[in-house]
Each structure stands twice: as C-alpha cells, then as structure tokens.
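Chain A is fixed; fit chain B onto it per the hints.
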Amino acid sequence: MEKRYFQKEIETMPVDELKKLQSEKLVKQVKHVYENLPYYRKLMDEKGVKPEDICGIDDLHKLPFLSKADLREAYPYGLLAKPLEDCVRIHSTSGTTGRRVVAFYTQKDVDLWEDCCARAIVAAGGSKKDVCQVAYGYGLFTGGMGLHGGSHKVGCLTLPMSSGFTERQIQFMTDLSATILCCTPSYAAYIGESLKEQGYKPEDIPLKAGIFGAEPWTEEMRQQIQETLGIKAYDIYGLTETTGPGVAFECEAQTGMHINEDHFYAEIIDPDTGEVLPEGCKGELVFTALDKEAFPLLRYRTRDICVLTRKECSCGRTFVKMAKPMGRTDDMLIIRGVNVFPSQIEAVLLKEGYQPNYQIIVDRKGNNDTFDVNVEMNPEQFTDTVSGVTQLEKALSNAMKVMLGINPTVHLVPPKSITRSEGKAVRVIDKRKLI
Amino acid sequence: MSLKQLTVFVENKQGALVGITDTLAAHEVNIRALSIADTQDFGILRLIVDDTETAKKTLSDEGYLINTTDVVGVKIGDQPGKLSKALAVLDEAGINMEYLYAFMTRTEKHAYVVLRVADNAATESALENAGFHIITDADVAKL
Numbered sequence: 000m001e002k003r004y005f006q007k008e009i010e011t012m013p014v015d016e017l018k019k020l021q022s023e024k025l026v027k028q029v030k031h032v033y034e035n036l037p038y039y040r041k042l043m044d045e046k047g048v049k050p051e052d053i054c055g056i057d058d059l060h061k062l063p064f065l066s067k068a069d070l071r072e073a074y075p076y077g078l079l080a081k082p083l084e085d086c087v088r089i090h091s092t093s094g095t096t097g098r099r100v101v102a103f104y105t106q107k108d109v110d111l112w113e114d115c116c117a118r119a120i121v122a123a124g125g126s127k128k129d130v131c132q133v134a135y136g137y138g139l140f141t142g143g144m145g146l147h148g149g150s151h152k153v154g155c156l157t158l159p160m161s162s163g164f165t166e167r168q169i170q171f172m173t174d175l176s177a178t179i180l181c182c183t184p185s186y187a188a189y190i191g192e193s194l195k196e197q198g199y200k201p202e203d204i205p206l207k208a209g210i211f212g213a214e215p216w217t218e219e220m221r222q223q224i225q226e227t228l229g230i231k232a233y234d235i236y237g238l239t240e241t242t243g244p245g246v247a248f249e250c251e252a253q254t255g256m257h258i259n260e261d262h263f264y265a266e267i268i269d270p271d272t273g274e275v276l277p278e279g280c281k282g283e284l285v286f287t288a289l290d291k292e293a294f295p296l297l298r299y300r301t302r303d304i305c306v307l308t309r310k311e312c313s314c315g316r317t318f319v320k321m322a323k324p325m326g327r328t329d330d331m332l333i334i335r336g337v338n339v340f341p342s343q344i345e346a347v348l349l350k351e352g353y354q355p356n357y358q359i360i361v362d363r364k365g366n367n368d369t370f371d372v373n374v375e376m377n378p379e380q381f382t383d384t385v386s387g388v389t390q391l392e393k394a395l396s397n398a399m400k401v402m403l404g405i406n407p408t409v410h411l412v413p414p415k416s417i418t419r420s421e422g423k424a425v426r427v428i429d430k431r432k433l434i
Numbered sequence: 000m001s002l003k004q005l006t007v008f009v010e011n012k013q014g015a016l017v018g019i020t021d022t023l024a025a026h027e028v029n030i031r032a033l034s035i036a037d038t039q040d041f042g043i044l045r046l047i048v049d050d051t052e053t054a055k056k057t058l059s060d061e062g063y064l065i066n067t068t069d070v071v072g073v074k075i076g077d078q079p080g081k082l083s084k085a086l087a088v089l090d091e092a093g094i095n096m097e098y099l100y101a102f103m104t105r106t107e108k109h110a111y112v113v114l115r116v117a118d119n120a121a122t123e124s125a126l127e128n129a130g131f132h133i134i135t136d137a138d139v140a141k142l
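First to last, the protein sequences are chains A and B. Everything in the first sequence is counted per numbering that gives the first Met the number 0, starting at 0 for the first residue and increasing by one. Everything in the second sequence is counted per numbering that gives the first Met the number 0, starting at 0 for the first residue and increasing by one.
Only chain A is shown next, with the shape it has when bound in the complex (with noise of 0.2 Å):
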C-alpha cells in the first residue's frame, strides 16, 4: 500500500535535521517569548537564563516550567504574546478551580493547529475523497473546530456534527456514507452500541476509521470500537495549552501516537527534580511550543505521565512516539471526556452549605463512565420525606453541572458516615481499569 502523508517532507524529516529545524525555531521562539511575555521573561531572569543561552534544543532544560497555576495566575491575558489585534480566535478549558484557561491564536497558529489534524486525518487513511464526520463538541473546547479544520486542509468533505444527538448523527452517517468518524471514544463506542440496536452490521456502516481522543481509552476498548464499527480506530492527543487534538496522533502502525515535533518539542521529566529523563523512562510530559505565536508556551508541564520512544516506524514518520498516557501528577480525573478535580466537587459543597465530606467513585459501566459522588446529608436539610432528599440530591447534581459541565449522580448519606483512613477521607475511588 502506498504510504501517505499530509506534509510528507516534514513527517518524514531525518532526526537530524529535525533536531536542526527545531533548534532554530526555539531561538527564534524563545527571543519572541523573553520580548512579549514579561510573565516568562520573569521566570527567567529569576532563574538567570538570558535569549542569548538557548543555541539548540539541547539548552531547552536551561528555561523554566510553566504550569497550570502559571495559567490561573496569568489569566486571561498575561501569557498572550501577540497583541489582540493580531488574534482570531480563543478557546478554553472546561474551567478546573473555578479559573478557566484561556488559550488565544493567530491565523498562523491556527494554521499550524489545523495542519497537525490534518496530519492526523492523513495517518488514519483520509484524503479528499472522504466524507469526515466530527462529532467533537464544537465552541471553546478544542476537540471540534481542530478537527473540523484539519478535514478542510485534507478536502474532505466535513459533516460538522458536534456531539450529541445520536439519532441524527447516525442518520447522517448512513445517508451521506461517512468514512470518517472524529468524537470520543466513549461517544465512539456509544454510536457504535446504538447502531447494533437498530441492527446495523459493521459491514452495513460505511466508516472505514475514527479519531478518537480528549479522554483515556484502553486497548480493549479500542477492539471493541473496531469491531462494532468495522472500522480502524485511532488515538489523537492534545491540550488547549498547546493548541488542541492533534499535537500528537497515531499512525496504521497503532503502536503510540506520533509527536508533531516540527510545532512542539517534547520532555519527559522526574515530576518531583524537575530532571530530564532519557527516551524510554516514565515521567512528566513537557511541551514547548516552537512555532506558535499568540499563546507560545515553553516547557509547559502537562501532568499526564508517559514514556516516549523514538524507533523507526513502519509508518515511515519520523516523529517521536507518546504512549497512552498513564496517570496524572495531580488528582484530575477525566470523567466523559471531562477534567474534574475532586476541588472542584469540595467547592461547590461549600457553596451550598455542605461539609466538603465527599467521595467520588467513578466506573465504567460498557464503554461510559458512571459518575457518582456520596455526599454527607447536612443535618439542618434533612425532612420526613423522601422526596425532600430526592430533591436536595438533583439541586447538588445540577450546581456540580455548572461548575463541571457533567452530571453526577449525588447520593446523600448519613453524617460522618464516608470512611476516613487515618482521619483523612478517600475522596476518590475510580474503579475504571484503563492501563
């Protein structure tokens, strides 16, 4: 079969004149960032390293980390290196402690975003000649307009689905033969199951391969997505940090998802040094950002645990590979596709009048996360009825919705009754078993 590739060229560059093209990049980036961010070039005069110290890409361990509370501090506009005339889009985190991130970006920045997706349709068997379903959330997440403009670049034909709406998804999907399916797996999955219900065959569905990513998928999972569907399924990685999906996508080979290291350099570091580990180690993703101009982040602490690896491809890129990332740092889980952290859950407690005594239990029930989270009953709100308790659950259900943008499903329990261990409660049982 013949290989092919969006940007051939690039995908295919020898290591070492990647290693070349990336380290003039970084010069020029880090002489733009030190100028236009005096949040970063803060940083660095703290830690003493001058523009003029970064000659390659072997000096990047010289810069500081930026980190999520780095956003929060700056927001909404301290990391934005461009000035707003020059910006034409923002997009936005789901918003964690309350603070959202914000994540501005030029024409050029979009571009290059676009491209990486387009990389990604590419690798995943797309050409012009497809019809490319995207049924990611369109708005300020991410997932939606990346792909949507990364199946432009590849002139495929873009069924701007969005997500939800199962019924008119699948009646697309049939009508217009989408060969292409871009959503979560888990939203993958869910098409998949009600498309069995209406008797539909894997052979009967006209996709040939689906993008899928924003949330943790197992192995398993993916067979199953392939089997229902009858198609070939493949992961995409990225964050609104450094651009969206798309900053790292997987190949025919499905064995890690390929960097794009011509926009963005990555780092495995020791969470708690702060150390570069050599290729193969586990430990902290770390992105730099070479090439974007509104919102360029250096040395960005992603807080998602993997090991890279750099092997000859059967693919034929050259680009290093991610593997699934296996843990976080910190305590986000990611519930639907969701970043929710168990602060964000205390939080909202507070504000209606709970003990932030809480537990959160997620699972995997088919291919959907259950999200359940036990409350202890506030004393003073307790009736003689069950729908007086009924009613308090839903009220909790609905706050946690606007803070999280997902349901949970709240059970109120008696006081003190959630288990402590040494006076301290276990705030988070997940019982999804994904690596």
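Hints were generated in silico from the structure; no laboratory data involved. In this text, all values refer to a predicted model and were calculated from it rather than measured experimentally. Idealized CB from N, CA, C, for every residue including glycine.
Restraint-style ranges between C-beta atoms, simulated for each label pair:
1. B:Lys84 x A:Gly387: 21 to 31 Å
2. A:Gly326 x B:Gly62: 33 to 43 Å
3. A:Lys200 x B:Lys12: 39 to 49 Å
4. A:Gly387 x B:Ser59: 16 to 26 Å
5. A:Lys310 x B:Gly62: 51 to 61 Å
6. A:Glu379 x B:Lys141: 30 to 40 Å
Frame of chain A, contents of chain B only:
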C-alpha cells in the same frame, strides 16, 4: 395538638435498622408505630414513640440524623370502611396528604392513623367536625 414524629435517615445497608431499635430499647423507649419509606440508596424511618424527647436525644447522641415533624394522629373505629370515611373528610376539605400509616393496640377496639399533611390545624378541625377523635402525645404515652 398534633403528634411528634421522629424521622431517622437510614442507610440502605445491613444492620442499619437494628442499630436504631437497639438504641431505643437500651433507653426503654417503646415504639408505638413505625413506617419506612425506602429508595435504592436510603430509607426514611418514621417513628411514633412513647417518649419522644429521650428517643431524640439518644439517637442524636449515637450520631443518627434525626428530624422531628408534627403529624396528625386520629383515632378511628376498628371496622371496615372507617379509614375510608376519614379520608373522605380530608378529600372534601381539599387536604393533600404526603403519607400516612396506621397502628393498633392490643387493648382498645380502635386503630390509629398517622397523617402527614401540609396544614395540621385544618386537618384536625376537619376531622373533629366530622366526629373523629384526634390523639396527642399524651394519649400515645398512655397507650
């Protein structure tokens, strides 16, 4: 005039109820009537006891989640159709009921019905006007 009902929040797990009845027994509180409303996750135990204050204190001390609600207690004849008659009175008076439960005693030829309504005073006067006898905590303590 109304009766004091104790409501206890009960987790839906084995042994939850016996903990409550044991506590009451240990303090010589006699249960006159009880009813449980249950869901998949929890139950709400409603009690009429001979000594509400003691029951309330001991259960609270044990860490139970307690609520006290005023309910209406009405005495009805232990014959077919008597409950129906009482309910018809409420219906005519336009009184909505949240729930009810009934109990009997060994000695009397009467049954007692506990009614949870929005307006206790209106319920009591409607029933009394129709010839029913409303019972009080003092009556319960003597049963």
